[in-house]
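K.L.:
If you want the building blocks of each chain, they are given just below.
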Amino acid sequence: MSSSKTFQTSLLESIAKGFANWEANEVAESLSRQPETQDQFKTESGIPLKRVYTPTDVANIPPEDIGLPGRYPYTRGPYPTMYRARPWTIRQVSGFGNPADTNRRYKYLIAAGQTGISTDFDMPTLMGYDSDHPMAFGEVGREGVAIDTLDDMEALFDGIDLEKTSASLTINPTAFIVYAMFVSAAKKRGYDPHRLAGTIQADILKEYIAQKEWIFPIRPSVRLVRDTILYSAEHTKRFNPISISGYHISEVGADAVHEVAFTISFAITYIEECMKAGMSVDEFAPRLSFFYVCQADFFEEIAKFRAARRVYAKVIKERFGAKLAESMRMRMHVQTAAMTLTKPQYNVNLMRTTVQALAAVLGGAQSMHTNGFDEAFTIPTEEAMKLAIRTQQVLAEETNITSVVDPLGGSYLIEALTSQFEERVFGVLNEIDKMGGAIRAVETSWMQRICADSAYEYELRKARGERTVIGVNKYVEEEKPADFEAHPYDEGTLARQLDRLRKVKASRNQEQVKQILERMKVVAQDESQNLLPITVEAVEARATLGEICDALRGVWGVYREDPIF
Amino acid sequence: MTKENAPIRVLLSKLGLDGHDRGVKIVARVLRDAGIDVVYAGLHRSPEEVVSAAIQEDVDVLGVSLLSGAHMPLFAKVIALMKAKNAEHIILVGGGLMPDDDIVKLKEMGVADILRQDSTPEQIVSTIRRVVSERDAA
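Chains B and R, in that order, give the protein sequences.
Take 318 as the starting number for the first sequence in our numbering and just add one per residue.
Take 345 as the starting number for the second sequence in our numbering and just add one per residue.
Rather than coming from a laboratory, the hints here were simulated on the basis of the structure.
Incorrect hints may have been included.
In silico DSS-like cross-links for lysine-lysine, where the CA-CA straight-line distance does not exceed 25 Å [unchecked claim]:
hint : chain 1 : residue 1 : chain 2 : residue 2
1    : R       : K449      : B       : K797
2    : B       : K424      : B       : K322
3    : B       : K703      : B       : K424
4    : B       : K322      : B       : K703
5    : R       : K451      : B       : K797
6    : B       : K593      : B       : K634
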């Protein structure tokens, strides 16, 4: 306490004295009349919460750690003026059916006031199969849009301004192909690749612990990420070649501290791989972007976003020696937590999502997806998506919360929680370093075990009623049939997609495709080469996504996990 | 068909391409903790693979989880394969996120029950015990 740079020692002593007195009198008297509801209060990730916070709780936090928005270590936000200059991007993810179906949905969402777009792909596209592959059975265009060839990508973004409306592509093991298709489609329409705004998820490491969309073994998969980041730094300067994602790690069970720590440990791995390939951190780090969930624990989530920025800034500066501010500031997309949504009393999902979205804004998100109230049923309807957009518009345009940057900065609770959160994240990062890095932590299933254990623990807490889920374990009502029409699947999707695929295959130069794929296999065998140039060549010659993956499966094999439960 | 006093055997698997395995792994753990024999066949399995595995492992229950929305066509295929391979003594239970109307249809098609996202550990265990005792009583 004596070393506080924020408060004078005499002031702190007097506050501490007043606090002890308050505990002995008002608190003791109140407790004797009515005990508190729990012996211990804590956050979802287990950080103990005090009854009240005072200046003594923040006295030892170096003032420069809190700092100012847009200045290192970016605790208070990546930009100095934040929403006063530009509101966060309203970016609802959508994708289903054939490319034209999703294109129509984009235009609907843009008309409703969405300011960025985000694409969900169907399972075959995500997993590297063409629509005519046996493993694609039943899944073509089902929970995302089907993309087989460059022609599909052109149809997907038809009529959308790719400089003004940033496009996010939610795809991982096949990200390098989809990125190549996106850039090629844009070039064909006359865009300068350096002016394209967009993001591709491409964060493969988290796939091995959450969401589980993988094709190849871990190491060649990480190489593909490296190749994409390096290629993008040279050819598409404004594009984010990766969105390092905690969202899925949280949704598979990890608590908030582990969500952030694992995410940053993956970022460290990608950065190390890119630097090993000869690039300096400041050449590519400015375009690394992040994606987090916003769960239900309001203050912990706000502290999480602030702490994540601070940890990342310190890592980039101190560990990697970055010089550029753009390299050190963590920019994040946030999505509200699908795991918290329930089927019983589904209208309550609107309230859950609103509160989570508020926490994301108070935490300083750059872009946001708010879930549809019907997502515990199936992919959301247009109406549900419009309400989700309106939720963000209410926050952005009716509440006045955007007028002050980091409005909770300086709150004794928020600052104390942010610092404790930071300390715990660094603790986990040190553990990962000790075991030899994030790839080892995945290969040994250490991360998978942590996620599985906390997911199981959460279920037990829910079952014991320690974790309230309204409509499920409290305030339960007899279930009524849903009174809305869930999003239907168009049974004609598959036939139309197969037709598209057939036409492309019939009209291309087969010999050229074959040759490119053969050359691609050679490039794949040499780890020092970048696979992106040949990937671009392949998609432009109309090689399909499945063919490209098959060529690489032949070289690298496929990944099989040893399941942890 | 009754296996006196033998523990119930369950094969759990993901079906199709989606990798959302939080639910199926919780089911695996809950059943295991309740003394039920659990074999987990893992992710990204085709209908052929899950049906063959269930026959090979000689299980009472085949539990299939998917959150891809492709439950109608994929379950239809699993049911057809079970019929073709004379494996109809194996009880088929589904798990995942699906609209109510589809759940009704799946039960008509021969799926014994569906574990939903809000099923409690107790409900998970009692569902499995119930479907097995219903079969054995039949």
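K.L.:
Starting from K322 (chain B), check that the Cα of K703 (chain B) is at most 25 Å away, please.
P.N.:
Violated. K322 (chain B) to K703 (chain B) sits at ~48 Å, over the 25 Å cutoff.
K.L.:
For the pair supplied as a hint, K593 (chain B) and K634 (chain B), is the alpha-carbon distance within the 25 Å limit?
P.N.:
holds (17 Å)
K.L.:
Is the straight-line distance between the alpha-carbon of K449 (chain R) and that of K797 (chain B) 25 Å or less?
P.N.:
Roughly 18 Å separates the two Cα atoms, so the pair holds.
K.L.:
Does K322 (chain B) lie within 25 Å of K424 (chain B) when you go C-alpha to C-alpha?
P.N.:
violated (53 Å)
K.L.:
Check the hint pairing K451 (chain R) with K797 (chain B) against an upper bound of 25 Å on the C-alpha distance.
P.N.:
Holds, at about 19 Å.
K.L.:
Is the Cα-Cα distance between K703 (chain B) and K424 (chain B) 25 Å or less?
P.N.:
Holds, because 12 Å separates the two Cα atoms, which is no more than 25 Å.
Figure legend: structure checked against the earlier numbered hints; hints not met, in rising order: 2, 4.
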